[in-house]
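J.: Residue strings, one per chain:
There are 2 protein chains.
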Amino acid sequence: MGRTSDAKEKILTAARSLIELRGYSALGVAEICKTAGVPKGSFYYFFESKEALALAVIDEHWAAERREWTRILKDDAEPLQRLRQLFEATQATQQAGQDSCGTISGCMFGNLSLEMSNQTEAVRERLQEIFEAQVEMVEAVITEARARGEVTVADTRTAAQSVVAQLEGQVLFAKLYNNTSPLNALWTNCLALLGARTPVQV
Amino acid sequence: MGRTSDAKEKILTAARSLIELRGYSALGVAEICKTAGVPKGSFYYFFESKEALALAVIDEHWAAERREWTRILKDDAEPLQRLRQLFEATQATQQAGQDSCGTISGCMFGNLSLEMSNQTEAVRERLQEIFEAQVEMVEAVITEARARGEVTVADTRTAAQSVVAQLEGQVLFAKLYNNTSPLNALWTNCLALLGARTPVQV
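Each protein sequence line maps, in turn, to chains A and B.
Taken in order, the first sequence gives residues 1 to 202; the numbers are from the UniProt record's numbering.
Taken in order, the second sequence gives residues 1 to 202; the numbers are from the UniProt record's numbering.
You can trust all of the hints, since none of them are fake.
List of simulated lysine-lysine pairs, DSS-like, C-alpha gap at most 30 Å: (1) B:40 <-> B:8; (2) B:50 <-> A:40; (3) A:50 <-> A:34; (4) B:8 <-> B:50; (5) A:40 <-> A:50; (6) B:50 <-> A:34; (7) A:10 <-> A:50; (8) A:50 <-> B:34; (9) A:50 <-> B:50; (10) B:40 <-> B:50; (11) A:34 <-> A:8; (12) A:34 <-> A:10.
Hints are computed from structural coordinates only; laboratory data are not their basis.
Start from the sequences and build out the full structure, keeping to the hints where you can.
T.: Take a look at the structure:
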């Protein structure tokens with residue numbers, strides 16, 4: 001009972017939804033199981049601890065987001081246009097979240113970085129790996145754009161980190177104001193941060 | 001007993017320190033009182049609720065930070081140099097925090113924005129006011145720089161918000177990596193975001 005094949009998935013879905021709504025610290029195992037509709041015993045059958053569950057939620061969310069980032073950033077479009085599409089997709093995702101539940105939940109990885117990175121080293125390390133992967137994906141696109149003479153930036157790694165930092169900062173404002181309009185600035189700011197040589201077709 | 005003149009200050013100090021370490025949700029009133037060394041009864045003598053305490057902690061922290069921002073941003077130095085000094089002061093504060101307690105605690109307002117803005121409207125509104133005040137202070141400096149022909153930005157408000165967003169995003173990375181080096185990029189990125197006309201003396 002409760003250890004049916006879908007109990008683990010139900011726990012993950014409930015945990016993800018509760019973490020997006022209220023963060024990690026405010027959650028208890030009992031509440032997660034109640035929301036998931038599974039007995040508490042099944043939680044510890046699938047997960048060693050609340051931390052193990054958090055890591056599983058993070059991994060599942062990143063697997064989906066990485067597929068989306070890969071689809072966009074490894075596309076055939078011109079490099080800077082791919083970055084633009086990434087920002088538009090981010091805005092669309094946040095808008096869809098607001099449309100469905102009334103609030104903008106922001107970036108799960110940014111949320112958990114600020115909430116948890118000084119509390120559990122396992123979560124800190126996982127989030128570091130995810131942001132490193134994001135920065136690498138953005139850096140690859142910047143490197144392509146530079147080879148085409150479209151951007152003038154000297155240090156592609158630092159530039160990529162700055163683009164992701166700008167994204168996280170504007171998503172913070174979108175969440176705080178419960179309004180996606182701060183994300184409108186991402187494309188222009190990205191061009192400025194990269195020292196784009198010429199006005200890119202918009 | 002416990003309602004002595006310094007009990008309120010002790011509760012605020014303990015709460016601030018615990019919020020910086022672990023965020024708001026993970027805290028209980030009993031723990032705050034134990035850390036402060038005051039009986040639990042005095043908590044409710046001074047604060048109606050944990051939320052009221054959070055607002056008091058936020059207000060006290062912003063009063064101190066606003067004094068620092070005002071000192072730097074309303075200085076006689078050239079406008080862009082004042083922004084540079086703001087970034088250097090931010091980096092020094094984060095570094096001092098790490099030197100004293102081993103971890104970078106980040107920006108309390110950014111931390112609480114991501115943790116709490118979808119949980120309590122009173123905290124959300126207070127944090128909105130604080131970030132609006134920060135953006136206004138930065139915008140005033142950008143407007144001065146533009147009047148001197150040093151920056152080319154069209155919309156000073158959006159530019160100021162982008163500078164603060166970049167600050168929050170890089171502070172997020174500093175906290176995640178427990179390393180202040182992402183903050184090294186703030187000055188160069190600020191010049192890029194503002195479309196600084198000429199290489200400013202560094």
